[in-house]
Every structure is written in structure tokens, then in C-alpha cells.
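Participant: These protein sequence lines map, in sequence, to chains A and B. Everything in the first sequence is counted per this note's numbering, starting at 3 for the first residue and increasing by one. Everything in the second sequence is counted per this note's numbering, starting at 1240 for the first residue and increasing by one.
Any given hint could turn out to be false.
[Stated by the list, open to error] Heads up, simulated SDA-like pairs for lysine to any residue below, C-alpha to C-alpha not over 25 Å straight-line:
| no. | chain 1 | residue 1 | chain 2 | residue 2 |
| --- | --- | --- | --- | --- |
| 1 | B | 1263 | B | 1399 |
| 2 | A | 152 | B | 1345 |
| 3 | A | 73 | B | 1414 |
| 4 | B | 1266 | A | 128 |
| 5 | B | 1344 | A | 228 |
| 6 | B | 1503 | A | 90 |
| 7 | B | 1266 | A | 106 |
| 8 | A | 221 | A | 196 |
| 9 | B | 1503 | A | 33 |
| 10 | A | 109 | A | 188 |
Keep in mind the hints are simulated off the structure, nothing from the lab.
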Amino acid sequence: MGAAETSKPHASVQGRPESVASFSSVSKNYGKVRALADFSFEVRGGELVALLGPNGAGKTTAIRLLLGLAKPNSGKLSVFGGDPASVETHVRVGAMMQVGRVPETLKVREHVDLFSSYYPNPLPMSETLAIAGLQELKDRRFGALSDGQKQRVLFALSICGNPDLLFLDEPTVGLDVEARHLLWDEIRNLLRRGKTVVLTTHYLEEADALADRIAVINKGRIIAQGSPAEIKSRTAGKKIRCVTELPLDVIRQMKGVAEVAPDRGAVVIQTAKAEGVLRQLLQLDLEVSELEVSSAGLDEAFLALTREDGARA
Amino acid sequence: MATTATALERLPLRRPNLVTICLKETKYEFLKCLRFPMYSVSTLALPLMFYVLFGLVMGHQSIGNISTAVYLIPAYGTFAVMGASLFGTAAGLASERGLGWLQVKRASPMPLVAYFLAKVVMSLIFSTIDVGALMLLGITFGGVHLAPLTAAKLLGTLVAGSIPFCAMGLGIGYLATPNSAPAVINLFYLPMSFCAGLWMPYQFLPHFVQRIALVLPPYHLSQLAFNVVGAGQGGPMAIHWQTLGGFTLICLGVAWVGHQRDQKANG
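In isolation and in its complexed conformation, chain B is listed as follows (with noise of 0.2 Å):
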């Protein structure tokens, strides 16, 4: 019983590799997603399929003056962004959150940062494979032509873009308990998704549809990707950029509140 004589000496604090930490969250954060085929599979097929269906199958004819095969890229590859970025983040914190295995991780040393970190860049690396397969399928069966410099811009703006619905997600995660967030995701995935004409060219959607529309945040996003490959509203850019930063930055405010809300229930 004597063998503990060092129980209170204060050991000089030997904080583990923030670095190290980060990377090995993220390393699993990714894994744990990938061996989860609700997400992996969903998030990457879904848009994956869409566009063979209506840019390869039935994609003959084009929008304006680019083809349909071009087009869809950047329609999609929001749609893509959008759900790999929400459902990675929100459905994850969720149940995380209500059942119990983030009070474990709280418990450990775990720096906190490490753990939204994992699931935004896990976010984003799920947006890079889904845009890259968009591309991928274009270029191969759709004709598409993408010079490497428009490839990589559109790439980038895509998978930037992605930020936003990270922040979307934390927030969802945060409101939302482990049965209802991914009814709660759906709820403002897809209709903001058609209502953002990603899945119906802009111009074509109803008027009031259009005014909707401006207040999305996909359809600012679509619209810098649109943009990248000249089939854009036109306009300046930065508007764009800055309703997804605004938007970003409310969504942060309320996944704030929400952690405030459980710190408060749970202490």
C-alpha cells in the first residue's frame, strides 16, 4: 500500500502531440465512416448515380452552350459535398453526443478540438473522392474535356465549399438526438438541394423556387462551381463567398449555443 509515496507529487505536465492526436482521429474518424456503408456507400452513390443516369444515359443534349455531361458536375458535386459534409459531421455527433461515447472521450485527455477536427477533414476528404469520382465519370464515359488548371479550381472550390455544411452539421448535431438527426439532415438536404437547382438547371426552376433559391447556401456554392466551368448565373463572385462565410460563422453560433446547452444538462 506504501508503493503509491508518488500519488501527489506534481509530475511535470507532458502534454501528448496535439499533431499526432489530430492525425490518429481523423485516421479512424475516416475508417469508422468507410466501414459504415449508410454513409460511405450512400453519400458517394447517390450522386454518383444521378449523374449516370441524367449526365451519361440521358445527358444528350446541353444547357445553355455547355453540354449536360458538363453541367452536372458542379450540380452534383454541391449535392455531393452537401451530404458527405452533413451526414459526416451531424449524424456522427449526434449519437455520439446522446449516447454516451463523447462523455467517455471528454473523460480522457482527449483534446476536444482533435475530435471536431477528425470529422470536418474526414468531411472533406469524403467530398474530394465524391467530386473526383464525378469527374472521373465525365471524362471518361461523358466527353467531358477539363483543362487540369479548371479541374483543380473546380476541385477546390467544392471541396472549400464543404466548410459550410461541416458548420451546418455541427449545429444539426448539436440540436438534434441520435434517432432524429438523420430524418433532421434529410429534412434540409434535399429540399434545399432541389430548391438550389442541383437537381434542376436554375433557369428552369418555378419563380418563387428562384427567390428561395437565393438564400441557400448550395446554390451560392453551385454557383462558384458553375462559375469555374463558365455556366454560371454570371455576376460577381464575392457575394457568393460571403454568404457561405456568413453562413458558416451562424452556424458555428448554434453548434456554440448547443454545446453551452449540453455542458449545462450534464454539469
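Same shape as in the complex, but just chain A (with noise of 0.2 Å):
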């Protein structure tokens, strides 16, 4: 297993199923552009992995290698311990991928049972129809859809040939709360019934409720890797802006003061506890004016594990 120096044994997979998919030093350029940077990770039986980050952190350029769609320039990457391109690993996986448009004259069944034809053991059609939810729909043409129709008919072709390995490339990306709620269900009911998920999102609350094991990578890179706890412990942070006289050094050297940074004749803190921060901010400056306190967003999550990898290289 090339990619096993790089995860940490983790509680949610004792016994250590094995490998299905793996990344060992994978480095991919497009043109001066480079999505992946000495990549390594590995997917193992049964878990659902995703993989978290803003846009262009090269989460799609991940998924299309390990779909055989693009070729590392350096690096091993292998699927079902064989070459991702090949007709044997494609017959075990499906995938979800974004599209900019899908034939739009053909109806949902008809769809379904071209996509099912490519594959060995496909399940039937009824079975692939009632997974994603579109019974009702079967005889609508695609073009007639609603977004999260179309996303889910994009899912019943991912699902349609029984894959072991499914991926899941933003599967929820436009999609309303009630059809992103009900999609989710559908992707636990497939790990229940022993398939693999890799799943990218630049949602964290959708890492969280899915996932096994995240990945958050940023600029090609993996900067943080763990459970949903472990990942969202170390981005729990709240920010703290206020109008103070307190010099910067001084809030640095407060207790629990992560970051400090001026901002429009304010300042913005960055903390892991604000509480402790806000009594002695309070004590230290009656004037204080203009406080808020907000969650840090997932873009600050992304800055702060950033921060944190940098400082430990």
C-alpha cells in the first residue's frame, strides 16, 4: 500500500479493510497549472471518503484520474489494484460527474437502460428507478426535468451498473435543502449495502453528515485529513471583530487568541474559544465598540488548517 504512511489508523476503520483505490505521490499538471501536488490517499472497502475543498482545489482533477479520464505525470495511482482506464476496473465503478448538458430528447427509462447495457451485472431497471426516486418520472424526457431531477437521473446512471466503487463528483451542487436531505439517504443506503464512496463537496456540513474520513485539500495539496470530529474540531473557530484602542501585540498575547489582523479601522480575532477572549477583551478595554462574534466560516477552516500546515512543514 503506497499511500499507508499517510493516514493515521483511524477508529472508524478497525480491521483495516483494503485498498480499492489508491493515490501514491501522484503530481498532475495542466499546462503551468498544477492540480495535485504529491498526492497520496487511499480509499479503503467500504467507507465513504470525501474529499473537501473550494473550488479548484483539484478535488474533479482527483476523481478523473482515478476514473482513468486523465493521466498523472507522475506518481502510481491504481483502482481494484489495476489501471483506473481499463474496461476491468470501469465495469466496477460508476460515476457522477458534472455536465454541462445531457441529451435532452431521450426519456429517463431510456436513459437508464443504455447506461445498464454497458455494464455486466447491471441491477434492473426498477431496482436502479426506485434507488434514485424517479418511478414516476421514468417516462419524462430528460430536458423536461427540474435540476435535482436531472442530478438525480446523473446518479441512477452512476448506480445503474452495480458498481463496487461509486464516485460522486459535487453530487449535490444546486440542489434545493429537501432534494440535497434526500439524496443523502440514498448515498447511506448504498454504503449499507457494502459499496464505496469517494465524495467530493465544498460543503462541509455535507463531509459531515456522510462522510467516514475527509480529506480537505487545498491548491492540489491534502492539508487535513480525519474524521468529521477531527476535521471539524480543528475548524471550529469563532471570529471575534471589534473596534478597540488595544494594541495588536497586546489582543496576540491574550489567552486563546489564535490570529489578530487589523481590518477597516477594526480588528478581527481568530479564536477557538471566544468566551475567554471576549472577558478579558472586555476587562482590558471599556470602550470596546461595534463587537460581533461569528462562526468562522469554511473558508477561514480552510485558512487556519492552511496555517497550521504550513507552520508545521
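From these two lone chains plus the hints, build me the complex, please.
Facilitator: Next up, the structure:
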């Protein structure tokens, strides 16, 4: 297992099911743009791994490499111990990818029928339609579906071949809350049936809701990985913004302050524990004004993780 | 979590049946295009409309010793076959390449040959329908008499003649973007049709256009078709087949280069 050294053993994968897909020091460039850099990662049987990161982080590139649609510039990749691009691999893999336009004049069941024919052991049509919640829509043309329904058809196409390994590239992008939760339930059902799922997302919430393991990716590198709880504990910071006379140095020395930065006449303080910092702040400066406390968003989380990553190196 | 012990076992590869896939792919390619009026109506309606107008309503004279109603079947037949093949291959390929659908298919175990074969066979089917409809109109309303063997030969020649234009369509489909493809196709389709003498008999074309016609594939296909009904320019037919064959190879070469370029850009 080439990628074993990069991941810590984790409670949820005790017994170490074998690797079904692995990256080992993979780098991928598109022209001068480095999409993945020295990327090592392993997906084990039966788990759901979320690749979490902002747009352009390299998530889709990772999926494309695992599907054999792109070749790495260096490093090694394997899926089911073989070449990701081979037919032997493709018959065991399903993929839901972001696509600009799907032929609109074919009906839902026709799309499913055609894709099912590509696989040696497809699910029965009725089962595929049921899993994706499309029974009522099977005679509708693709072009007549809502965005959420279209996503469900793409999901159906990814599972119709009864694959062991499923790649879902931003499966819930553009879906409303209800449709998103429906798809989450369907994904959980697949895991219960022993499937392995690799999902990309830029919603921390989505990774948290589904994943056994999260890998946070930024600029083509994995900057953190672990269980959702571990990732959240490292990103669940608060942001305090206020106008104060206190010098930045004084604030920086307060207990619990991670980072201080001036911001348009105010200061922004990053901290893991807002209450303690606020107590100190209010004691030292009675004139504090325009006080705001907010949860650090995913952006801040990424920043925090990137900094942490840089500091460790 | 321990339910996936089979994950790494190399199961014996059971390939799905290639013939079944090709048949399904073709069936759905046909349905897809049939339900898309921009394709199905315009590739069928335009040649038929021309034929009704110039062959039936106004076609009381003759060209040489052949009635206009007969003469225009090979002429508009070539025109129809060209349209059905160019639009049937290029438009879909450019859009599916450019907007990600081909990627989705390539991530599946679909054999790539099924994808291309479906587009070509679909175009051949539409070509057959187009030429058949022209002949039917001529026989029913234009007083055209075609011996069964002649009719079969004419249909066979024109449908076989759609292959070079399918190849050309694949070439265009690989070089054009989803938005530019229809415009690029028309840029070739309409001027070539005129210069090859499909709209106006070859002998009535201006001299310099006649010279251009000699290098145009539709001219060579139309000569083969005219020859079946005894309206050709005469001379050996082999040169026309050879020209079309060479043209097909060149177009497939262009498509191959486009394919390689895509592979490089994507992967």
C-alpha cells in the first residue's frame, strides 16, 4: 500500500479493509497549472471518503484520475489493484460527474436502459429507478426535468451498473435543501449495501453528514485528514470583530487568541474559544464597540488549516 | 464495514455484449435525433421541399433527355444525404465533447466504437429515409418510373455515399465547439451543394464553378447517382468512388488528430 504512511489508522476503519483505490505521490499539471501535487491518499473498502475543498482545489482532478480520464504526470494510481482506465476497472466503478448538457430528448428510462447495457451485471431497471427516486419520472424526457431531477438521473446512471466503487463529484451542487437530504439518504443506503463511495464537495456540512473520513484539499494538496469530528474540532473556530484601542500585540498575547488582524479600522480576532477572549477584551478595554462574534466559515477553516499546515512543515 | 472482502478479488472479466451495446446505442441515437426537430425536420424537409417546388410544381421541362422530376432525385438525394450525415455526426459530437457528456460515457465501460458507430448508422438510416421519401414523391406525384433494380441501386449508392460525409462530420465535430458546429457545418454544406451542381445542373454552372466542382465530394457522389438514372457526365465511375474513398480517409485522419488533441487537453 503505497499510501499507507500518509493516513493515520482511524477508529471507524478498524480491521483495515483493503484499499480499493490509492494515490501514491501523484502529481498532475494542466499546462502550467498544478492541479495535484505529491498527492497520496487511500480509499478503503466500504467507507465513504469526502474530498473537501474550495473550487479549483483539485478535487475533480482527483476523480478524473481515478476514472482514467486523465493521466498523472508522476506518481502511481490504482483502482482495484489495476489501471483506472481499463475496462476491467470501469465495469466495477460508477461515476456521477458534472456535465454541461445531457441529451435532452431521451426519456429517463431510456438513459438508464442504455447505461445499464454497458455493464455485465446491472441492477434491474426498476431497482435503479427506485434507488434514485425516479419511478414517477421514468417516461419524462430529460429536458423536461427540474435541476434536482436531472441530478437524480445522473445519480441513477452512476449506480445502474451495480458498481462496487462510486465516485460522486459535487453531487448536490445546485440542489435545494430537501433534494440534498434525499440524495444523502440514498448515498447512505448504498453504504449500507457495502459500496465504497468517494465524494467531492465544498460543503463542510455535507462531508460531515456523510463521510467516515474527510480529506481537506487545497491547491492540489491534502492539508488535513481525519474523521468529521477531528476535522471539525480543528475548524470550529470563532471570529471576533470589534473596534478597540488596544494595540494588536496586546491582543495577540491574550489567552486563546490564534490570530489578530486589522480590518478597516477594526480588528479581527480568530480564536477557538470566544468566551475567554471576550472576557479579557472587555476587562482591558472598557470602550470596545461594534462587537461581533461569528462562526468561522469554511473559508476561515481552510485558511486556519492551511496555516497550520504551513507551520508544521 | 467488513462486507467488502471481495473488493480486491479480480473477478473474471465478463464483458457486456458488444453487439447489444451497439444496437442500443444506435437505437437511442436514432430516437434522440428523431425527437430533435432541428435535425429530423430540417434534414428531411429541406430536400423534400426543394423537390416538390422545383421537381414537381415547376418541373415540366427536361434536362438533357431526362425529366426534371427524375433528374432532381439524385441531385437532392445527394443534398439530403450530405445534410443528414454532416448534422447527424458533427453537431452531436461537438456538443457532447464540449459539454461533458462524452466524458460521462467514457467514465463508463462503454466501448468508444459503439459511440461512433451509432452516429454513423443513425446518419445512414436518416439518409435512407430521405432518399426513399424523394423517390416515393417522384413516383407518386412526378410520373417518375424507376425499375426496382434502378431504385435499389440509386438508394444503395446514395446511402453508401453518406459515409464520406459522416467522416467529414466527425472531423468537424472534433474541431468545432458546441456553439460553432452548426455554423461550420453550414459553411461547408450550402456552398458545396451549390458548387457541386446539386441545386443547378452542372452544365449550367459558370465555368470556374465547374472547375471547383471537380474537387468537391458531393459532385462525385452526385455523378455516381446521376449515372444510375442515365443523367451523368459520363466517363469511368471508378474515379468517383476513389475520390470519395480518399476523402473519407483524409476526414478520418482529421478526426483522429482531433481525438488525440482532446485526449491531450483532457488528460
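Participant: Is residue 73 of chain A close enough to residue 1414 of chain B, meaning Cα to Cα at most 25 Å?
Facilitator: 22 Å, holds
Participant: Between the alpha carbons of residue 1263 of chain B and residue 1399 of chain B, is the straight-line distance 25 Å or under?
Facilitator: Cα-Cα ~22 Å, so holds.
Participant: Please work out if residue 152 of chain A and residue 1345 of chain B have their alpha carbons no farther apart than 25 Å.
Facilitator: The given pair, whose Cα atoms are some 19 Å apart, holds under the 25 Å limit.
Participant: Please work out if residue 1266 of chain B and residue 128 of chain A have their alpha carbons no farther apart than 25 Å.
Facilitator: With a Cα-Cα distance of about 21 Å, the restraint between residue 1266 of chain B and residue 128 of chain A holds, given a limit of 25 Å.
Participant: Straight-line Cα separation of residue 1503 of chain B and residue 33 of chain A no greater than 25 Å?
Facilitator: This hinted pair holds, its Cα atoms lying about 10 Å apart.
Participant: Given the hinted pair residue 109 of chain A and residue 188 of chain A, is their Cα-Cα distance within 25 Å?
Facilitator: 22 Å, holds
Participant: Does the alpha-carbon distance linking residue 1344 of chain B and residue 228 of chain A stay inside the 25 Å limit?
Facilitator: 33 Å, violated
Participant: Would the hint linking residue 1503 of chain B and residue 90 of chain A be met if the CA-CA limit is 25 Å?
Facilitator: Given that 25 Å is the threshold and the Cα spacing comes to 23 Å, the pair holds.
Participant: Measure nothing beyond the straight line between the CA atoms of residue 1266 of chain B and residue 106 of chain A; if it is 25 Å or shorter, mark the hint as holding.
Facilitator: Satisfied, since the Cα-Cα distance of roughly 15 Å is no more than 25 Å.
Participant: Between residue 221 of chain A and residue 196 of chain A, is the straight-line Cα distance small enough, at 25 Å or below?
Facilitator: 32 Å, violated
The structure does not agree with the numbered hints 5, 8 stated previously, though it agrees with the rest.
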